[in-house]
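So the sequences go chain by chain: Z and U.
Mapping of the first sequence onto the numbering used here: residues 1 to 248, in sequence order.
Mapping of the second sequence onto the numbering used here: residues 1 to 342, in sequence order.
Since the hints were derived computationally from the structure, they do not count as laboratory data.
A few of these clues could be false.
Unchecked claim - Computed spacing ranges between beta-carbons, pair by pair:
| id | chain 1 | residue 1 | chain 2 | residue 2 | range |
| --- | --- | --- | --- | --- | --- |
| 1 | U | L88 | Z | A49 | 35 to 45 Å |
| 2 | Z | L134 | U | G156 | 32 to 42 Å |
| 3 | U | P143 | Z | N155 | 43 to 53 Å |
Stated by the list, open to error - Footprint (simulated), chain U over chain Z, 3 or more residues, beta carbon under 8 Å:
| id | region |
| --- | --- |
| 4 | 43–49 |
| 5 | 64–71 |
| 6 | 89–102 |
| 7 | 222–233 |
Stated by the list, open to error - Short, incomplete list of chain U residues facing chain Z, as computed with Cβ under 8 Å:
| id | residue |
| --- | --- |
| 8 | Y44 |
| 9 | L46 |
| 10 | L56 |
| 11 | I58 |
| 12 | E61 |
| 13 | K209 |
| 14 | L211 |
| 15 | Q215 |
| 16 | A218 |
| 17 | I267 |
| 18 | L268 |
| 19 | S269 |
As the structure is a computational prediction, the values presented were derived from the model and not from experiment.
Glycine included, every Cβ here is placed at the ideal spot set by N, Cα and C.
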Amino acid sequence: MTTIHHHDAPPRKLRIAWAKTAILLGMGVYFSWLIISGNLSNYINQRFAWLAVVGAAIFILLALVNVYSNLQRADDDCHEHFQIGWDILLIVALPLILALLIPSRSLGIEAVNGGISLSPVGVASPSAFQRDPLDRNILDWLREFDRAASPAAFNGTAADVTGFVYREPAFAEDSFMISRFTMSCCVADAFPIGMPVSASDASHFEAGVWVRAQGELKAADFGGDVMPVLFADSIEAVDEPRQPYLYP
Amino acid sequence: MATMRVAAKKSPGLSAFKPLILALLLVFFLAATGYEAISSGIDYALVIGVFATRFLGIFVEAAPFLLLGSITAGLIEAFVKADDIWRLVPRNRLAATVMGAFLGLAFPVCECGVVPVTRRLFNKGLPVSLGVAFLLGAPFMNPIVFASTYIAFGFGPVFIGRIVITILVAVTVGLVIGTFAKPSATLKPLAQEQDHGHEHHAPASARAKLLHALQIAADEFFEMGRFLILGSALAALMQTLVPQESLLALGTGSVLSVLFMQVLAYILSVCSTVDSFLALAFVNTFTTGAIVSFLSFGPMVDIKSTLMFTGVFRPRIVLYLILLPFMLNLLAGVLLNLALGY
């Protein structure tokens, strides 16, 4: 065991040790920044935000321990089973490199990969069904549609929803789907859902733009099926919401 | 059982280049993505943006679990003695393996945290069959995942099926690998290294031990983190490129649906704590057997855990660790479908 101590030149070993410390600290700073800037909601469900706090705290703790042991240069090396090289450091730094180079964004229309679902996602708590119709979001509405006896059950009900515009070539000129991504955990399970909107000025809004649509629901034909369609009196372009995803 | 204690061996060999090879593969995939995006007229920058969001999302969600697993691994390394393990583990292999499948109830870890913990336990002389059963069972067999599955599906065929199939598959694969593979041919030298030598060097005071545990945890994060990061990148890439709709068309049929959902579980690499909520999205499209197989196979093996396995097991065993659970889950899912009359 004693020969292992010396087979690596100390300066290289120390450089790697400091690079390791820098990456750990960088991760801690990155996680903290995600939490403080609110950009964390681009990546994970707010319900799990505490996990990122735990992550940031552990990264910083490990970084401090490494600073301490780098300065001490204690004769502890025989416990290091594993020689970390520059290739591994580079791979582990990959998230930091991407985070620095590419501006933080939520999943939008570019991430829709094969259509938007008209079915709800996840299980609703009973209280979700007691929400005032004007407070219901797209997911709430899809749940209501799913359990209603007939699409005509909502005729005349007022609705006010926010989402991004999604179009397919087959859609009529005066219609689009107003859509959101749902997210149970993180973007790995993000799933696009949407409801049909019909309005005379529908074609003024480009695909991918965030809009707020207000109007009344009425059963109508959409893509060959009769379903509740939001006939919008007013559509206005809005900023992306602070929490872009809907949480089932 | 004496064969479990094998002399430590260093073999740098190919393993030193593996991360580099994986990184090259990743670059190749990225280049291929870029080419496809440009040739089909999609904005390259947007595709990269979506990839970055998906990749960072998976990493940000998984990293805290890996860190908690690394700290547990560090604490095991610093505080648990090999003798303790030998005292607690049943001598009978079947009993030990069954214990492994339930060990997650004592160490609540998900699939990102289970690999470093298992590796350190192996290092302390844990029997292979027990370790493998723990590795495959623990990501589901823990209180948190029980709760999330129950919330999503209630007490029904999915919940019961998931428990029964997970235990059966974990114990079977644990027994097969523990019985037919020699430990020296199973574990990579690092994981199989015994800690006799350390008993003498081990720091004495509790404070020094804790410091040592945290240093081990940091090393563990780098060693396992590289696989997690490459795995997250691959999973993000697949999600960005493969249209979900084209996959969903395969959703019916008692055999094909199970096969498909297992491939999906492997590709998506969603954390076991929340995969139940994801599976709910498929309930209307897929057979019950397919849903159960998705839930029992997904936590055992996926892209990121496969890469992490390569840091612990020899390549041939990693292959078995993917194929055996895949086949057994497939069989169980199909049988469940037949029993339920799909």
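Results of checking the hints against the structure:
Separated by about 37 Å at the C-beta atoms, L88 of chain U and A49 of chain Z satisfy the suggested range of 35 to 45 Å. In this structure the supplied range 32 to 42 Å holds for L134 of chain Z paired with G156 of chain U, their Cβ-Cβ distance being about 36 Å. At roughly 47 Å, the beta carbons of P143 of chain U and N155 of chain Z sit within the given window of 43 to 53 Å. Check result for the region 43–49 of chain Z against chain U: holds, 3 residues qualifying (beta carbon to beta carbon below 8 Å, three or more required).
Against chain U, the region 64–71 of chain Z contributes 4 residues with a C-beta closer than 8 Å to a partner C-beta. That satisfies the three-residue criterion, and the hint holds. Counting residues of the region 89–102 of chain Z whose beta-carbon sits less than 8 Å from any beta-carbon of chain U gives 9, enough to reach three: the coverage restraint holds. Beta-carbon proximity to chain U at under 8 Å applies to 0 residues in the region 222–233 of chain Z; the threshold of 3 is not reached and the given coverage is violated. Given the 8 Å rule on beta carbons, the hint for Y44 of chain U is violated: about 11 Å separates it from the nearest Cβ of chain Z.
A distance limit of 8 Å between C-beta atoms decides the matter here; for L46 of chain U the minimum to chain Z is near 4 Å, and the interface restraint holds. This hint holds: L56 of chain U has a C-beta 6 Å from the nearest C-beta of chain Z, less than the 8 Å allowed. Hint on I58 of chain U holds. Least Cβ distance to chain Z is approximately 5 Å, under the 8 Å limit. Checking E61 of chain U against chain Z: minimum C-beta separation of about 4 Å stays under 8 Å; hint holds.
Proximity of K209 of chain U to chain Z is violated relative to the hint, the smallest CB-CB distance being about 11 Å (cut-off 8 Å). At its closest, the beta carbon of L211 of chain U sits 6 Å from a beta carbon of chain Z; the interface hint therefore holds under the 8 Å criterion. The interface hint given for Q215 of chain U holds, since its Cβ lies 6 Å from the closest Cβ of chain Z, which is under the 8 Å cut-off. Because the closest C-beta pair between A218 of chain U and chain Z is about 4 Å apart, less than 8 Å, the hint holds.
Of the supplied interface hints, the one on I267 of chain U is violated, with its beta-carbon coming no nearer than about 10 Å to a beta-carbon of chain Z, more than 8 Å. At a threshold of 8 Å, the smallest CB-CB gap from L268 of chain U to chain Z is about 6 Å, leaving the interface hint in force. Below 8 Å, beta-carbon pairs count as interface contacts, and S269 of chain U has one with chain Z at about 7 Å; its hint therefore holds.
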